[in-house]
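I would like the entire structure built from these sequences, with the hints used as guidance.
Listed here are the chains, written in short residue letters.
Protein chains: 2
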Amino acid sequence: MASTNDKKPPATPAPASIVPDANTFDPGLPASKTSASNDSDTQLNCPFCHISSTFPSYSPLSPPSPFPPSTSTSPHPRTFLLLSTPLLVAFLDIMPLSPGHLLLCPRRHAAKLTDVFSDEAAELGKYLRILSEAVTRATGIKDWNVVQNNGAAAAQVVEHMHFHVIPRPGLREAERFTSTMFGRGRREDLDEEEGEELAGRIRGCVREVVREEKERERGRKAKL
Amino acid sequence: MASTNDKKPPATPAPASIVPDANTFDPGLPASKTSASNDSDTQLNCPFCHISSTFPSYSPLSPPSPFPPSTSTSPHPRTFLLLSTPLLVAFLDIMPLSPGHLLLCPRRHAAKLTDVFSDEAAELGKYLRILSEAVTRATGIKDWNVVQNNGAAAAQVVEHMHFHVIPRPGLREAERFTSTMFGRGRREDLDEEEGEELAGRIRGCVREVVREEKERERGRKAKL
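Protein chains in written order, with full-length UniProt numbering: chain A, 1 to 224; chain B, 1 to 224.
Don't read these hints as lab results, they were simulated from the structure.
Misleading hints may appear alongside valid ones.
Which copy is meant is left open, because identical chains are indistinguishable; a pair holds if it fits in one copy or across any two.
Derived SDA-like pairs: lysine to any residue, alpha-carbon spacing no greater than 25 Å straight-line [claimed, not checked]: (1) Lys221 <-> Glu196; (2) Lys214 <-> Pro86; (3) Lys214 <-> Ser62; (4) Lys221 <-> Arg207; (5) Lys221 <-> Thr42; (6) Lys142 <-> Asp41; (7) Lys142 <-> His109; (8) Lys214 <-> Asp41; (9) Lys221 <-> Leu61; (10) Lys142 <-> Val210; (11) Lys214 <-> Leu87; (12) Lys214 <-> Ser118; (13) Lys214 <-> Ala111; (14) Lys214 <-> Asp119; (15) Lys214 <-> Leu61; (16) Lys221 <-> Asp119; (17) Lys223 <-> Asp41; (18) Lys142 <-> Ala152; (19) Lys142 <-> Arg108.
Next comes the structure, spelled out in structure tokens:
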């Protein structure tokens with residue numbers, strides 16, 4: 001079943017060598033009056049602020065169990081959450097270019113990369129690595145792009161800065177993913193059941209990667 | 001004058017919605033026997049390890065003055081350095097897609113984003129923000145893409161992980177840059193004089209941004 005969103009994709013990854021077509025821009029999803037608070041850190045019209053204000057943070061080492069099912073608050077689409085820390089949230093793209101296509105953004109509203117604080121920027125870098133490793137394990141796809149767009153001329157659609165992590169299946173792997181038109185950039189609505197299952201798998205891998213990282217860092221410090 | 005490199009571009013940013021063409025891949029620049037040492041942190045054949053081993057680190061707050069001119073050690077092309085910290089180096093792309101197109105990578109050899117250490121990942125995130133702000137100020141171009149490619153299916157060419165920061169001039173701005181075919185992705189050799197001048201301007205802006213950031217962080221801490 002297709003997910004409930006009836007909107008255009010919230011964000012288009014950078015076609016780095018293509019002129020962004022102004023006609024494909026989406027002015028953003030309509031505001032939810034029940035969702036984002038109106039303080040300086042959230043924007044009423046911003047779908048990613050809606051997600052940030054919907055999900056409390058949890059330690060990636062101990063996600064809630066059982067994990068609450070993906071929620072939908074009309075007019076916002078369902079959110080398949082992957083990570084929710086005090087500074088950041090990550091979730092599946094609702095119109096993925098490939099299985100595991102995810103978005104990572106600061107919890108606080110920041111339009112462009114230059115609008116994030118230094119500690120948020122460092123956390124984004126740290127979790128880009130962790131999420132890349134987790135999505136690789138969860139999907140078995142070994143290659144991927146990281147893309148982040150700033151401003152209309154760079155094809156930014158949702159004006160809450162976010163990184164895309166986009167797995168790139170090779171031709172052999174692509175055969176396994178019938179719903180993926182490899183390399184064509186065709187986007188389909190994320191299937192609800194598939195999304196739930198994939199998000200659970202990625203969260204499990206995030207937990208594993210964070211645990212391994214903590215052990216490795218302990219080992220490195222012990223050596224010094 | 002065109003720069004001295006006679007090779008294909010060292011890295012192609014992710015054409016996120018285009019099949020990477022295997023025929024455009026570059027097996028890498030030839031090894032410089034006089035450059036990279038052969039320890040576990042550097043690779044003899046890697047052009048970015050060559051850069052890392054050529055340039056010692058300096059504080060971005062006090063770059064050497066006068067700054068040493070860009071160096072070239074055949075067969076490696078000239079390097080227009082922008083940043084050199086204990087963990088990271090950044091420099092202008094030698095075949096830029098737009099003015100200010102730069103690369104940021106860990107000093108230590110790491111093939112993919114998942115191969116960097118946690119502290120390197122955090123520093124990459126932090127300096128992506130700083131370099132984005134600096135290149136925006138230095139070029140006056142307000143929109144930009146951040147792109148990072150992992151593996152052949154994702155169009156990675158140089159196997160030393162690196163982020164691209166690619167300014168995206170709007171149509172009005174693009175008229176000012178005669179050498180740029182906006183949006184076509186055409187790449188030209190970086191002009192030597194222009195490169196030297198632009199790199200100096202970006203380093204000045206990096207210094208300014210880092211100084212402002214330190215002041216802001218001091219202010220935030222004083223408030224707590």
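How the hints compare with the structure:
{"no.": "1", "hint": "Lys221 <-> Glu196", "in the structure": "neither (38 Å within a copy, 40 Å between copies)"}
{"no.": "2", "hint": "Lys214 <-> Pro86", "in the structure": "both (18 Å within a copy, 22 Å between copies)"}
{"no.": "3", "hint": "Lys214 <-> Ser62", "in the structure": "within (14 Å within a copy, 34 Å between copies)"}
{"no.": "4", "hint": "Lys221 <-> Arg207", "in the structure": "within (21 Å within a copy, 31 Å between copies)"}
{"no.": "5", "hint": "Lys221 <-> Thr42", "in the structure": "between (38 Å within a copy, 22 Å between copies)"}
{"no.": "6", "hint": "Lys142 <-> Asp41", "in the structure": "between (36 Å within a copy, 23 Å between copies)"}
{"no.": "7", "hint": "Lys142 <-> His109", "in the structure": "between (32 Å within a copy, 19 Å between copies)"}
{"no.": "8", "hint": "Lys214 <-> Asp41", "in the structure": "between (30 Å within a copy, 22 Å between copies)"}
{"no.": "9", "hint": "Lys221 <-> Leu61", "in the structure": "within (20 Å within a copy, 28 Å between copies)"}
{"no.": "10", "hint": "Lys142 <-> Val210", "in the structure": "within (19 Å within a copy, 35 Å between copies)"}
{"no.": "11", "hint": "Lys214 <-> Leu87", "in the structure": "both (19 Å within a copy, 20 Å between copies)"}
{"no.": "12", "hint": "Lys214 <-> Ser118", "in the structure": "both (22 Å within a copy, 9 Å between copies)"}
{"no.": "13", "hint": "Lys214 <-> Ala111", "in the structure": "between (31 Å within a copy, 21 Å between copies)"}
{"no.": "14", "hint": "Lys214 <-> Asp119", "in the structure": "both (19 Å within a copy, 12 Å between copies)"}
{"no.": "15", "hint": "Lys214 <-> Leu61", "in the structure": "within (10 Å within a copy, 32 Å between copies)"}
{"no.": "16", "hint": "Lys221 <-> Asp119", "in the structure": "both (22 Å within a copy, 12 Å between copies)"}
{"no.": "17", "hint": "Lys223 <-> Asp41", "in the structure": "between (41 Å within a copy, 18 Å between copies)"}
{"no.": "18", "hint": "Lys142 <-> Ala152", "in the structure": "between (31 Å within a copy, 10 Å between copies)"}
{"no.": "19", "hint": "Lys142 <-> Arg108", "in the structure": "between (31 Å within a copy, 22 Å between copies)"}
The structure fails to meet hint 1 from the earlier list, while all remaining hints are met.
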